[in-house]
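Undergrad: Single-letter residue listing:
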Amino acid sequence: MANFNLKINGKTQQLDVDPTTPMLWVLRDHLKLVGTKYGCGISQCGACTIHLGDNAVRSCQLPVSAVGNQEITTIEGLSENGDHPVQLAWMEEDVYQCGYCQAGQIMNASAFLKKNPNPTDEEIEGAMNGNICRCGTYLRIKKAIKTAANSKIA
Amino acid sequence: MTLIKTQYNRRSFIKVSAAAGGGMLIGFSWLNGCKPNTPEPEAGVAMPKEWFEINGYIKIGDTGMVTIYSPNPEIGQNVRTSMPMIVAEELDVPWENVVVEQAPLNTGWYQNQFAGGSLSIRLSWNALRMAGATGRRMLLEAAAKEWGVQLSDLTASNGVIKENVGERTVTYGEIASKAVGIEVPKEVELKGIKDFKLIGSSIKNVDGKKIVTGQPLFGLDFHRDGMHLAMIQHPPAFGMTVKDFNEAEIKSMPGVKDAFIVDTTVEEPGGFDEKGFKQLIAIVGESTWQLMQAKKALKANWETTGELESSEIHVKRLEKALVSGEVQESRRDGNPEAAFKKAAKIIERTYSAPFIAHNTLEPMNFFANVTEDSAELIGPTQTPEALEGSVAKLLNLPLENVTVNMTRIGGGFGRRLYVHFGVEAAAISKKIGAPVKLIYSREDDMTQGTYRPTYRSVYKAGLDENNNLIAFTVKGAGLPEGPVFPNRFPAGAVENYSAEKIKAPTNVTTGAWRAPRSNFTAGAEQAFLDEVAEDAGKDPIDFRLELFDRAIKDPVGEKHEYEAERYAGVLKLVKEKADWGTTKPNVHRGVAAYFCHSTYVAEVFDMVLNNGQPIVEKVWCAVDCGIVVNRDAAKNMIQGGVIDGIGHSMYSQLTFENGAPKQMNFDKYQLIRHSQAPKEIEVFFVENEIDPTGLGEPGLPPAIGALANALYKATGQRHYHQPFVTEKQVVG
Ligand code: FES
Ligand code: FES
Numbered sequence: 001m002a003n004f005n006l007k008i009n010g011k012t013q014q015l016d017v018d019p020t021t022p023m024l025w026v027l028r029d030h031l032k033l034v035g036t037k038y039g040c041g042i043s044q045c046g047a048c049t050i051h052l053g054d055n056a057v058r059s060c061q062l063p064v065s066a067v068g069n070q071e072i073t074t075i076e077g078l079s080e081n082g083d084h085p086v087q088l089a090w091m092e093e094d095v096y097q098c099g100y101c102q103a104g105q106i107m108n109a110s111a112f113l114k115k116n117p118n119p120t121d122e123e124i125e126g127a128m129n130g131n132i133c134r135c136g137t138y139l140r141i142k143k144a145i146k147t148a149a150n151s152k153i154a
Numbered sequence: 001m002t003l004i005k006t007q008y009n010r011r012s013f014i015k016v017s018a019a020a021g022g023g024m025l026i027g028f029s030w031l032n033g034c035k036p037n038t039p040e041p042e043a044g045v046a047m048p049k050e051w052f053e054i055n056g057y058i059k060i061g062d063t064g065m066v067t068i069y070s071p072n073p074e075i076g077q078n079v080r081t082s083m084p085m086i087v088a089e090e091l092d093v094p095w096e097n098v099v100v101e102q103a104p105l106n107t108g109w110y111q112n113q114f115a116g117g118s119l120s121i122r123l124s125w126n127a128l129r130m131a132g133a134t135g136r137r138m139l140l141e142a143a144a145k146e147w148g149v150q151l152s153d154l155t156a157s158n159g160v161i162k163e164n165v166g167e168r169t170v171t172y173g174e175i176a177s178k179a180v181g182i183e184v185p186k187e188v189e190l191k192g193i194k195d196f197k198l199i200g201s202s203i204k205n206v207d208g209k210k211i212v213t214g215q216p217l218f219g220l221d222f223h224r225d226g227m228h229l230a231m232i233q234h235p236p237a238f239g240m241t242v243k244d245f246n247e248a249e250i251k252s253m254p255g256v257k258d259a260f261i262v263d264t265t266v267e268e269p270g271g272f273d274e275k276g277f278k279q280l281i282a283i284v285g286e287s288t289w290q291l292m293q294a295k296k297a298l299k300a301n302w303e304t305t306g307e308l309e310s311s312e313i314h315v316k317r318l319e320k321a322l323v324s325g326e327v328q329e330s331r332r333d334g335n336p337e338a339a340f341k342k343a344a345k346i347i348e349r350t351y352s353a354p355f356i357a358h359n360t361l362e363p364m365n366f367f368a369n370v371t372e373d374s375a376e377l378i379g380p381t382q383t384p385e386a387l388e389g390s391v392a393k394l395l396n397l398p399l400e401n402v403t404v405n406m407t408r409i410g411g412g413f414g415r416r417l418y419v420h421f422g423v424e425a426a427a428i429s430k431k432i433g434a435p436v437k438l439i440y441s442r443e444d445d446m447t448q449g450t451y452r453p454t455y456r457s458v459y460k461a462g463l464d465e466n467n468n469l470i471a472f473t474v475k476g477a478g479l480p481e482g483p484v485f486p487n488r489f490p491a492g493a494v495e496n497y498s499a500e501k502i503k504a505p506t507n508v509t510t511g512a513w514r515a516p517r518s519n520f521t522a523g524a525e526q527a528f529l530d531e532v533a534e535d536a537g538k539d540p541i542d543f544r545l546e547l548f549d550r551a552i553k554d555p556v557g558e559k560h561e562y563e564a565e566r567y568a569g570v571l572k573l574v575k576e577k578a579d580w581g582t583t584k585p586n587v588h589r590g591v592a593a594y595f596c597h598s599t600y601v602a603e604v605f606d607m608v609l610n611n612g613q614p615i616v617e618k619v620w621c622a623v624d625c626g627i628v629v630n631r632d633a634a635k636n637m638i639q640g641g642v643i644d645g646i647g648h649s650m651y652s653q654l655t656f657e658n659g660a661p662k663q664m665n666f667d668k669y670q671l672i673r674h675s676q677a678p679k680e681i682e683v684f685f686v687e688n689e690i691d692p693t694g695l696g697e698p699g700l701p702p703a704i705g706a707l708a709n710a711l712y713k714a715t716g717q718r719h720y721h722q723p724f725v726t727e728k729q730v731v732g
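Quick note, the sequences are listed as chains A and B, same order.
Using our numbering, the letters of the first sequence correspond one by one to residues 1 to 154.
Using our numbering, the letters of the second sequence correspond one by one to residues 1 to 732.
Hints were generated in silico from the structure; no laboratory data involved.
Mixed in with the good hints, there may be bad ones.
Derived pair list, reagent style BS3-like, types lysine-lysine, alpha-carbon separation capped at 27 Å [stated by the list, open to error]:
#, chain 1, residue 1, chain 2, residue 2
1, B, 209, A, 115
2, A, 146, B, 618
3, A, 32, B, 162
4, B, 209, A, 146
5, A, 114, B, 345
6, A, 11, B, 209
7, A, 146, B, 679
8, A, 143, B, 577
9, B, 460, B, 345
10, B, 191, B, 162
Anything over 12 Å on all C-beta distances counts as not near chain B; from chain A, calculated [as the list claims (entries may be wrong)]:
#, residue
11, 5
12, 34
13, 68
14, 142
If you want a taste of the chain A side facing chain B, the calculated C-beta under 8 Å gives, among others [to be verified]:
#, residue
15, 2
16, 3
17, 4
18, 29
19, 31
20, 32
21, 38
22, 39
23, 90
24, 96
25, 128
26, 132
27, 139
28, 140
29, 147
Heads up, the beta-carbon is just placed ideally off N, CA and C, and yes, glycines get one too.
Same shape as in the complex, but just chain B:
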C-alpha cells in the first residue's frame, strides 16, 4: 500500500461540512430536466431514501448505492466510466452498486475539469484514487467509532466493513450517515496495484443503455420549458465582417421572434476564445426548421476588412516560410551540414497536409440563461472553466455568478476546447432576456471552425557508406504554427541533428485538432524513416530499434522528450504480435511508431489490393500507456484513433477560395465510412505499473505513417501529400 497526503482545498471542506448537517442531499441531477435521477434498473441495490455526501466525488445512499460524480467532460473518450472506476476501486465498492453522475464545473472540488491533451486520467489519477481512499477510510473510522474498536481491527471490501477477528459486519449504506461527520483524514492508504479489482478489467460504458434507447444526453437534446432557439449567420469568408442585413424582412418571417447583430468580443481574449467572427447575425425563434428558412432568406451586406485567402496563397506562403519564415523553436546537435558533406547517400523529401475541420457529429450548440446578475450555461464544452471565465467577462459578472454544466458531448477532437458558441448563446440570451439554445447548422459548424493548421515539412537524412544514419534534419512550417517537436525522436538518436519549427500568418482560425501537430508530424517522419531504412537496405523495425539503442546507451544532446526503452518496447511488441518478417502472398506491410501525450504506440498495417484498390486487412497496435484502466474501452479508443488517422489522411481536406471554405457539408467534405475502415484492428498493451497516461489522441498519429508505408508496398508509390487519395481510390 502507498500512503499519500490528502489534498482538499478550503472550498471542498466548507462544502463537505455544510453537507454534514443536512441529512439528505440533493445531487446535481439537472440533465433529465423534470425526471429525478433514476438509476439504471440494472443497479444492484435499491434506490435509497437518504443520501450522504462523503466528499465531492462520492455520495452513499442508505441502501448501499453509491453515486460517483465524474468531474470531466465526456466527449467519447469514456471518462464517465473510467474516472468513476478509479474512485470505486479505492472506495472498494461493487461496481453494480455504482451510479455515475456528471459533476458540474466546481473549481473548489475538482482540479483540471477539461477534456484535452489526453490528460483526464493522467492528471486526475491521484485525485480520484485519493477521493475513493478517503471515503473508504472515513467509513472505516465511522464503524470503528460505532463499535469502539481500533481502525486496524477492521477491513473494508466490496462495500462491506468487517471485523478482522469477530463477527460484526456493516455495509457502507448502513454506516454512511455516521461517516458524514468524520473529519477528513490527513493521509490515506492507497491500494497496491496488485490488489486492483476494477482497474484493468473491462467495464461497459455507463451510458450504454441511454445511448441505444435514444435518451436526451447531448447538448442539442437539452430542453427547458420557455426556452427559445437561435441560429447565427457569420460572414461567408475569413477577412469579412457583417455590416447590416434585411432585419425587418427576417423579423416578419413565420416563427421568427427576433433578429439582430450580436457582438461577442471579450476583453483580453485567452487561447480558447479563438474565433474568426465576433459579430454575427442572430435569429431567434421557436423551431429549428423555421430558423433555417429565415437564414436562407437573409440578405446581408458584408465588408471586406482583411485578405481573402485561397489554398494557392496558403501553399505559396508555406513554401516561402520554409525558406525565410520566422523560427519559433529549434534544436541543433553536432554539425549536420558537415555530416551531409561526408554522407554517402542523402535523402530529402517534402510532406504536406491541408487544413481540416473537426466535424464532430453533433454540431456546436449551447444553452444559456442570462439574467440581470447571473448566467447559467449548459451544453457540450471541453473547457467549462474557460467558458465560465469568458462569459463572466462578456457579461461583466463575477465568476461566482456564472454556472456551467456539461452534457454528454457528441464528439470533441479539440473543437470544443474553444468556447465561442457558449459565449454566443450567452450574448443572445442577454439580448432577448430569456433562456435560449443556440444551434449551429452543419454548414455553420464546418465553415467557421478552429481548423487543424495546414503544414509543410522538409526532412533530410544522410547515410554513411555503412548505411548508418549520420545526419537528420527537419524544417516544418505551418499556418499559423509549425509542426515540429524539436526534442522528440529522432532527437537523441542521431549525432548530427537539427529541427526548426517555423510559423507564417493566416487569418483562417485554427486550433487544437486531435493530437495537434503530431497528427501530421508522425505521418511525415515515419514515412520518411521508412524510405531512409529502405535506402539503407535495412528492415524498417530493425532500423528504428538501432536508433533507439543509440538513444538508450549514449543519447545525443541535453534532453529528449521520450523514454527510448518504452518506445522500443512497443515496436518489439508489435513486431512479435504481427509476426513481422513473415510474408504472405499479396499482403503488403507497413509499420510506424510514435510517442505523444505521454503514450507510446506502434502499429503494423497489412494491406491488399482488390481490383487495384488498396484495402487495409488488418492492423496490429501495441500501446504503452502505463496502467490500463478500462481495458476494452481503451481498445475502443485506439481503434477509433486508427480509423480517424486513416480517414483524415486519405480523404479529408478543407480548401479555400476568396477567404471561404469550399467544403461546407459532408457531400464535399469526405469522412471515412464503413467500407473504408480496416477489416480488423487488434490492440495489445504493454503491462507495467507506471501511472496511466491518456489514449484519446496517441492512437491516431502512427496510423498515418503505417498507412503511407503500407500503401507504398502495395502500390510502389510513395505518398507525400495528404489527403493521399481522392474519392476515386478507396481503402477498405
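Extracted from the complex, chain A is given alone in its bound form:
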C-alpha cells in the first residue's frame, strides 16, 4: 500500500492503495466515481476512457502510481452541469441504447475534438475505433461528434 494525492476533477483526493491498482478501480472502488466503466480490462474496448491532462487514456491500463501530478478528468468532471458541447450533442442526437459505453465514447470524443475541432468522417472513425459500442450506436456517435464540432465551442 502507498499514499497518493491525486488531482481528480479539480479536487485533490488522498488515498492509501496498492500502487499497481489501475485508475479504473481507484475511481470506481475507492472514490465511488463509477461513471468510468469496466468493459475488458485489457485496453480493447475504451469503456474506461478518462483524461490525463488533455489526453484520452485507458484507465484500466494506468496504474495509480504512474499518475503523479497530472490532472485527471472523468465523465463526472467533464462539465459542471452536463453541458459540455459533446454531452449536449449526445443528448441532441439521442445517441445511446444501453448507455454503458457512452461515458468512454464521450471522453474519447471530447479529447479528440480538442485536438481536431473540425474532423472528417475518416478522422472520426480512426480516433473512435478503440471504443466498442456493443449496441451499435456508431452512426449516432459520429453524428453527435459532428454536431459538437459544428457548435464551435468544443
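Starting from the structure of chain A, add chain B with the ligands where the hints point.
TA: Leaving out everything else, chain B with the ligands in the frame of chain A:
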C-alpha cells in the same frame, strides 16, 4: 374511442386502497442510494410536497408532476421511455411533467415484467393504455364529484380538467388527492389512434442526462455501505468441475476476506437456470483489483467429468446430425422429391454459423443481501420473476421474502434472461452473512456464457423450365437445437415444400441470443433465395414478391406464421425508398427481408469496394411493426440491429479446444467497430393502425442476408459460412 374492461387483480386493489389513506406515499426510489428521487431539473413543474398514488403505474404530485413507473427491465431497447409514453398518452399529461422510475418486480401490479422476445411493448400495450386511461378517468370522476356535475360535462387534456360549458378548470395536481379514494372504474375509454399526441412522436431517452454525466445507473455501479465484493472462478472447460483449491493461500492474500466453494444448484431448474458450472470458487474482498490478483493466484484441481469438446467435434456432429439426427419439428407440403425429379434446375447450398457470445458491454454482476429469512436482489436482469423463483428455491425461502429490483442494464441480447449470476450472488451472501456484489471479469463473462448455438443448414430449390420455384426444402441442425421455423416463409408460397429442424447434443451451455435461430436462418435463407433468383434470371425483389403473391392468393398448406401482405409491403417500401432497379457505377446492391417477433423488416445494402475492401455505404430499412411508439428511438433500435447483424456475421466467433473457449476477451473475439459500420442507415416505417410489435430483435436477421447478397455483387463470391471474413478483410 375504444371502451375496454379494466383488468386489475386482487393484489393491485389491496395496494391501491392501502395507499388511499396514506396521503404521502414513498416511491420505489432505491437506486440512488442515499439520494432522494430528484427529478430532472428540466421537469416542467416544481417538486411536489405530497404524492398521490393512483395505481401501480401512476403517482401524481400536488404540483402536477407525474411519476410513471416503468415496469420492464431496460436493456437499451428504450422501454423506460416508450412504456411511460403510452401511459402518459392515455392519462393525457404533458410529457414535461413526467418523471420516470423503474418499478420493482411486483407480479400483483404488473404482468410480463421481462425483457425478451421483443415483447415488452407488444404484451403491455393494453395494460399501459389501461393504466393511463384509468388514471384519467379517476381524476375526471374526482372533479365531477367536487363540482357536482356529470362526468360527461368534463374533458381532461394536457394535465388539466375543464368544464365543457362553463369556466371551471382544475389541474391533475390539484385534484389528485381526491382521486385516490375513487373506486377503480369497471371500464374505461381509450383514445382513438388519430388522437395520439405522444405516441408516434420522438421523445428523448429519459436517462439521457444521467448517461452523459456518468451517474450510477447500472448494476455494476450499485453500492451500499457495508457491502463486500466477490468474484468467482469457474472450471476452465465445459466438462470439468472443481475439486479443491489453495484456500489457505488465497485467504491470506491482501484484501481477501474469504474464499470458498459455493454450490448454486437449484432443484427442478427451469429454462432460465441454464449454466454449465454449478460449483464455483468464490473469493470475497473489498476491492475489485485485489480480487483479480487473488484470482490469478488460484491453484485449483479440476476434475474431468464430461467430454471436452472442440470446434472440430462440433462441425462433425452437425454434419452427422443433418444425415441422421433427431428431428424436432417438421412440415411437408406436396411431394418435394417428385418435384425435384421433374425440375429443370436444382440448387443446393449449405450454410453454417459458429457459437457466439453475447458480450454485453457491462459484464454479469448482481447485488444480494441474504438474511435468515429474506433475500434482497438488485441488479441487471431481463427476468426478475425467474430470478425471484430460483433464489427462493436455492435458499428455501417463500417467494414473498425475496425482492428483486432492476438497475439499468448495460446490454442484454438474451444473456440476462439467465439468472445464475443473481443466484450466485445470493449463495455467496448467504455464506458470508453479509451483503455482497458479485462481479464477473470480461473473461468470466465470455467463457461461461449461454451462447448462441452453432448451426448448419442445407437448402435445396427446384426450378421448372419456366423458372418457377416448384420445390423448396430446408434441413437445419444445431447444437443443441436446429435453426428452422417450419411454418415461416417460404412455407405457404411453394407447392412442394419440406422443413426439418434437427438437434444434436453438446455440453456447451447455450441460450437465447438476440433473435434466436432467426439470427442465422434469415441470413441463410435470404442468401439462398438470392442465388435461386439469379439462377431463375429474375430480379431478387420481384422473385420474392411473386412468392408472396402465391401465399396471398392461394396459400399452400394448413397455416403459415406470417402475413404475406405485410411481408410484401416492406419489400415494396424498401424498393421504392432505395430506388431499386437504378444502378450506380461501382455500387453493389443486396436485398433481404425477414419476419420474426411479429415484425416485418426489409433491407437494401449498397456496397462499394475501396482498395479491394468492401464498405457498406448505405442501408435502407423498411419496417412494419404496427403503430410506432417512439419514432426516433425505434429507428435507433433498427440501426443497432443492422450493425449488430453485420458485426456478428462478418467478424465474431467462439471456437473451442478441449472444452474451453479459445476467445476470452476482445483481443481475440472481434466485435464490429466504428470504422466497420455502414456510413448511413435510413429507416422507414409502414404507417398503419395495427397494435405495436417489438423492435429489439427484428432489425438484425435480414441484415445478414442483405450483407451476404451485397458482398456477392461486390466480390463475385458467395459467402456461406459465418463469420464471412476474418480480421484481414474489413467492411466500412
Ligand atoms: S476496460 Fe479499459 S479498455 Fe476496456
Ligand atoms: S450503448 Fe450499449 S454499448 Fe454502447
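Undergrad: Indicate, hint by hint, whether the structure satisfies it.
TA: Quick rundown of the hints versus the structure:
1. Annotation: proposed proximity of residue 209 of chain B to residue 115 of chain A holds, straight-line Cα distance about 25 Å (limit 27 Å).
2. Only pairs whose Cα atoms come within 27 Å are accepted, and residue 146 of chain A paired with residue 618 of chain B is accepted, the gap being roughly 18 Å.
3. About 49 Å separates the Cα atoms of residue 32 of chain A and residue 162 of chain B, which puts this hinted pair outside 27 Å; it is violated.
4. As the CA atoms of residue 209 of chain B and residue 146 of chain A are separated by approximately 19 Å, the hinted pair is consistent with the 27 Å bound.
5. For the given pair, residue 114 of chain A sits about 62 Å from residue 345 of chain B by alpha-carbon distance, which is inconsistent with the 27 Å threshold.
6. Distance hint between residue 11 of chain A and residue 209 of chain B is fulfilled; the C-alpha atoms sit about 23 Å from each other, no more than 27 Å.
7. At roughly 14 Å between alpha-carbon atoms, residue 146 of chain A and residue 679 of chain B fall within 27 Å of each other, so this suggested pair holds.
8. For the hint pairing residue 143 of chain A with residue 577 of chain B, the CA-to-CA distance comes to about 22 Å; that is within 27 Å, so the pair holds.
9. Between residue 460 of chain B and residue 345 of chain B, the direct Cα distance comes to roughly 11 Å. Compliance with the 27 Å bound is thereby established for this hinted pair.
10. Proposed proximity of residue 191 of chain B and residue 162 of chain B is supported: the alpha carbons are some 17 Å apart, at most 27 Å.
11. Every Cβ of chain B is farther than 12 Å from the Cβ of residue 5 of chain A; the closest lies at roughly 19 Å, confirming the non-interface assignment.
12. Listed as outside the interface, residue 34 of chain A is inconsistent with that label: its C-beta sits roughly 4 Å from the nearest C-beta of chain B, within the 12 Å cut-off.
13. Annotated as non-interface, residue 68 of chain A keeps its C-beta farther than 12 Å from every C-beta of chain B; the closest such distance is 19 Å.
14. With 12 Å as the threshold on Cβ separation, the claim that residue 142 of chain A sits away from chain B is violated: the shortest Cβ distance comes to roughly 7 Å.
15. Interface hint status for residue 2 of chain A: violated, as the beta-carbon distance to the closest one in chain B is roughly 13 Å, over 8 Å.
16. For residue 3 of chain A, the interface hint is violated, since its Cβ never comes within 8 Å of a Cβ in chain B; the closest pair sits about 16 Å apart.
17. With 8 Å as the threshold, the beta carbon of residue 4 of chain A stays out of range of chain B, its nearest partner Cβ sitting at about 14 Å, so the hint is violated.
18. At its closest, the beta carbon of residue 29 of chain A sits 5 Å from a beta carbon of chain B; the interface hint therefore holds under the 8 Å criterion.
19. The interface hint given for residue 31 of chain A is violated, since its Cβ lies 11 Å from the closest Cβ of chain B, which is over the 8 Å cut-off.
20. Of the supplied interface hints, the one on residue 32 of chain A holds, with its beta-carbon coming within about 6 Å of a beta-carbon of chain B, less than 8 Å.
21. For the restraint placing residue 38 of chain A at the interface with chain B, the shortest Cβ-Cβ distance is roughly 7 Å, inside the 8 Å limit, so the hint holds.
22. Taken as an interface hint, residue 39 of chain A checks out: its beta carbon lies about 5 Å from the nearest beta carbon of chain B, inside 8 Å.
23. For residue 90 of chain A, the interface hint holds, the least distance from its beta-carbon to any beta-carbon of chain B being 5 Å, beneath 8 Å.
24. A distance limit of 8 Å between C-beta atoms decides the matter here; for residue 96 of chain A the minimum to chain B is near 5 Å, and the interface restraint holds.
25. A least Cβ separation of about 4 Å between residue 128 of chain A and chain B falls short of the 8 Å threshold, and the interface hint therefore holds.
26. Against a cut-off of 8 Å between C-beta atoms, the interface hint on residue 132 of chain A holds, since the closest Cβ of chain B lies about 5 Å away.
27. A least Cβ separation of about 6 Å between residue 139 of chain A and chain B falls short of the 8 Å threshold, and the interface hint therefore holds.
28. A cut of 8 Å between beta carbons decides the hint on residue 140 of chain A: the least distance to chain B is about 7 Å, and the hint holds.
29. At a threshold of 8 Å, the smallest CB-CB gap from residue 147 of chain A to chain B is about 13 Å, leaving the interface hint violated.
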